[in-house]
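Here the protein sequences come in this chain order: B, H and L.
Using numbering that gives the first Met the number 0, you'd call the opening residue of the first sequence number 0 and step up by one each time.
Using numbering that gives the first Met the number 0, you'd call the opening residue of the second sequence number 0 and step up by one each time.
Using numbering that gives the first Met the number 0, you'd call the opening residue of the third sequence number 0 and step up by one each time.
Errors might be hidden in some of the hints.
[To be verified] Straight-line alpha carbon distances no greater than 20 angstroms define the calculated DMTMM-like cross-link-like pairs of lysine to aspartate or glutamate that follow:
| hint | chain 1 | residue 1 | chain 2 | residue 2 |
| --- | --- | --- | --- | --- |
| 1 | H | K11 | L | E34 |
| 2 | H | K20 | L | E8 |
| 3 | B | K101 | L | E83 |
| 4 | B | K101 | H | E10 |
| 5 | L | K20 | B | E83 |
| 6 | B | K11 | H | E36 |
| 7 | B | K66 | B | E83 |
| 8 | B | K11 | H | E8 |
| 9 | B | K11 | L | E10 |
| 10 | L | K101 | H | E9 |
| 11 | L | K101 | B | E97 |
| 12 | B | K20 | H | E36 |
| 13 | B | K11 | L | E34 |
| 14 | H | K101 | L | E8 |
| 15 | L | K11 | B | E83 |
| 16 | H | K20 | H | E36 |
| 17 | H | K101 | L | E10 |
| 18 | L | K11 | B | E8 |
Just so you know, the hints here were simulated from the structure itself, not pulled from any lab data.
If you want the building blocks of each chain, they are given just below.
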Amino acid sequence: MRVIFHVDEEEKWPLALGNVKNMVAYCRQNASAYEIEVVANSQAVLTYRESGHLEAEMQALSQQGVKFAACQNALRALGISQEELSGFVHPVPAGVVELAQKQAQGFAYIKP
Amino acid sequence: MRVIFHVDEEEKWPLALGNVKNMVAYCRQNASAYEIEVVANSQAVLTYRESGHLEAEMQALSQQGVKFAACQNALRALGISQEELSGFVHPVPAGVVELAQKQAQGFAYIKP
Amino acid sequence: MRVIFHVDEEEKWPLALGNVKNMVAYCRQNASAYEIEVVANSQAVLTYRESGHLEAEMQALSQQGVKFAACQNALRALGISQEELSGFVHPVPAGVVELAQKQAQGFAYIKP
Numbered sequence: 000m001r002v003i004f005h006v007d008e009e010e011k012w013p014l015a016l017g018n019v020k021n022m023v024a025y026c027r028q029n030a031s032a033y034e035i036e037v038v039a040n041s042q043a044v045l046t047y048r049e050s051g052h053l054e055a056e057m058q059a060l061s062q063q064g065v066k067f068a069a070c071q072n073a074l075r076a077l078g079i080s081q082e083e084l085s086g087f088v089h090p091v092p093a094g095v096v097e098l099a100q101k102q103a104q105g106f107a108y109i110k111p
Numbered sequence: 000m001r002v003i004f005h006v007d008e009e010e011k012w013p014l015a016l017g018n019v020k021n022m023v024a025y026c027r028q029n030a031s032a033y034e035i036e037v038v039a040n041s042q043a044v045l046t047y048r049e050s051g052h053l054e055a056e057m058q059a060l061s062q063q064g065v066k067f068a069a070c071q072n073a074l075r076a077l078g079i080s081q082e083e084l085s086g087f088v089h090p091v092p093a094g095v096v097e098l099a100q101k102q103a104q105g106f107a108y109i110k111p
Numbered sequence: 000m001r002v003i004f005h006v007d008e009e010e011k012w013p014l015a016l017g018n019v020k021n022m023v024a025y026c027r028q029n030a031s032a033y034e035i036e037v038v039a040n041s042q043a044v045l046t047y048r049e050s051g052h053l054e055a056e057m058q059a060l061s062q063q064g065v066k067f068a069a070c071q072n073a074l075r076a077l078g079i080s081q082e083e084l085s086g087f088v089h090p091v092p093a094g095v096v097e098l099a100q101k102q103a104q105g106f107a108y109i110k111p
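So that you can see chain B by itself, here it is in the shape it has in the complex (with noise of 0.2 angstroms):
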């Protein structure tokens, strides 16, 4: 299982993060490989300063191997620095860049 979610809207976080467990959970039950990666770019990459609830499902994610990225194009228009983001986020030259990327190497496109 080899996954790429796409989230530019800050409103979408709570709804990806629960499709992102639904799969994770699904692959453990099932004893499947998984290699799952969140990229966030435009307004989503807000999302990665907050140290609400959300970042600490994103960190429980992440200890199960979930990639979080951040497209530095986003952060770049937003003002937001490197230092700001949460730790476990890794940041990408720009985000559809990724997406294009990981889909040609084969993993699948989900948009939630």
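Given chain B's structure and the hints, the job is docking chains H and L onto it.
This is chains H and L only, laid out in the frame that chain B set:
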């Protein structure tokens, strides 16, 4: 033509069904074989209970070979039993897993 | 880099064009060849008639090789003739068919 459509908001159903109708019409006009599945998760599974004009549209598409899948995680979260769903709807353990597996089998993904 | 962007709501155009600009900029900086097509269906085809700042942005991207496709089913449903569209827009019989065929050819799908 092998395609999965993803619907996770109730208000997107009319657009999604219009998309599916256009695709079926094109395939029939061009004598192209097709495998089309609509995967509903989150709030979108609520529409599978209704017995309004959308159900008639879905039923007609179902008779033309279109499959309609409902995420069991969403059904459980919303307290909907299998018996409440239209007869042509088939449950899948997790909508996002279905979306990923179909893409791995070569289906295109479209999110209306 | 081979990508199709899908736009079916008028208000998503600014985000979508920003995504495309980021992708083109990345490819030019990294000397990567690219094939990028934006497919508009449903209400999103309305924007192809406007002669405002979005048309100028689209025109500039078109000159950098980005293709802009309009779903003919949507044009017909909205009563828009080919003559009303910007010159760089090319019609396709069905937007969803275009999206599926490009993915079958190896294009990545992104829905802003």
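Cross-check of the supplied hints:
1. Restraint check for K11 (chain H) and E34 (chain L): not satisfied, since their Cα atoms lie roughly 29 angstroms apart, outside the 20 angstroms limit.
2. As the CA atoms of K20 (chain H) and E8 (chain L) are separated by approximately 19 angstroms, the hinted pair is consistent with the 20 angstroms bound.
3. Straight-line distance between C-alpha atoms of K101 (chain B) and E83 (chain L) comes to about 38 angstroms, which puts the hinted pair past the 20 angstroms bound.
4. At roughly 30 angstroms between alpha-carbon atoms, K101 (chain B) and E10 (chain H) are farther apart than 20 angstroms, so this suggested pair is violated.
5. The hinted pair formed by K20 (chain L) and E83 (chain B) fails the criterion: a straight-line CA distance of about 26 angstroms is larger than 20 angstroms.
6. Of the pairs offered as hints, the one joining K11 (chain B) and E36 (chain H) is violated, with about 24 angstroms between alpha carbons and a cut-off of 20 angstroms exceeded.
7. Simply put, K66 (chain B) and E83 (chain B) have alpha-carbon atoms about 18 angstroms apart, close enough for the 20 angstroms limit, and the pair holds.
8. Straight-line distance between C-alpha atoms of K11 (chain B) and E8 (chain H) comes to about 11 angstroms, which keeps the hinted pair within the 20 angstroms bound.
9. For the given pair, K11 (chain B) sits about 17 angstroms from E10 (chain L) by alpha-carbon distance, which is consistent with the 20 angstroms threshold.
10. With a C-alpha separation of about 28 angstroms, the suggested pairing of K101 (chain L) with E9 (chain H) is violated against the 20 angstroms cut-off.
11. For the given pair, K101 (chain L) sits about 19 angstroms from E97 (chain B) by alpha-carbon distance, which is consistent with the 20 angstroms threshold.
12. Distance restraint check for K20 (chain B) and E36 (chain H): the Cα-Cα separation of roughly 23 angstroms exceeds the 20 angstroms cut-off, and the hinted pair is therefore not satisfied.
13. With a C-alpha separation of about 29 angstroms, the suggested pair K11 (chain B) and E34 (chain L) falls outside the 20 angstroms cut-off, and the hint is violated.
14. The suggested pairing of K101 (chain H) with E8 (chain L) is violated, with an alpha-carbon distance near 26 angstroms, which exceeds 20 angstroms.
15. For the proposed pair K11 (chain L) and E83 (chain B), the alpha carbon gap of about 28 angstroms is over 20 angstroms, so the pair is violated.
16. Proximity of K20 (chain H) to E36 (chain H) is assessed by CA-CA distance (about 12 angstroms); at most 20 angstroms being required, the pair is judged to hold.
17. Among the hinted pairs, K101 (chain H) with E10 (chain L) is inconsistent with the structure: their alpha-carbon atoms are about 30 angstroms apart, more than 20 angstroms.
18. For the given pair, K11 (chain L) sits about 11 angstroms from E8 (chain B) by alpha-carbon distance, which is consistent with the 20 angstroms threshold.
Figure legend: structure checked against the earlier numbered hints; hints not met, in rising order: 1, 3, 4, 5, 6, 10, 12, 13, 14, 15, 17.
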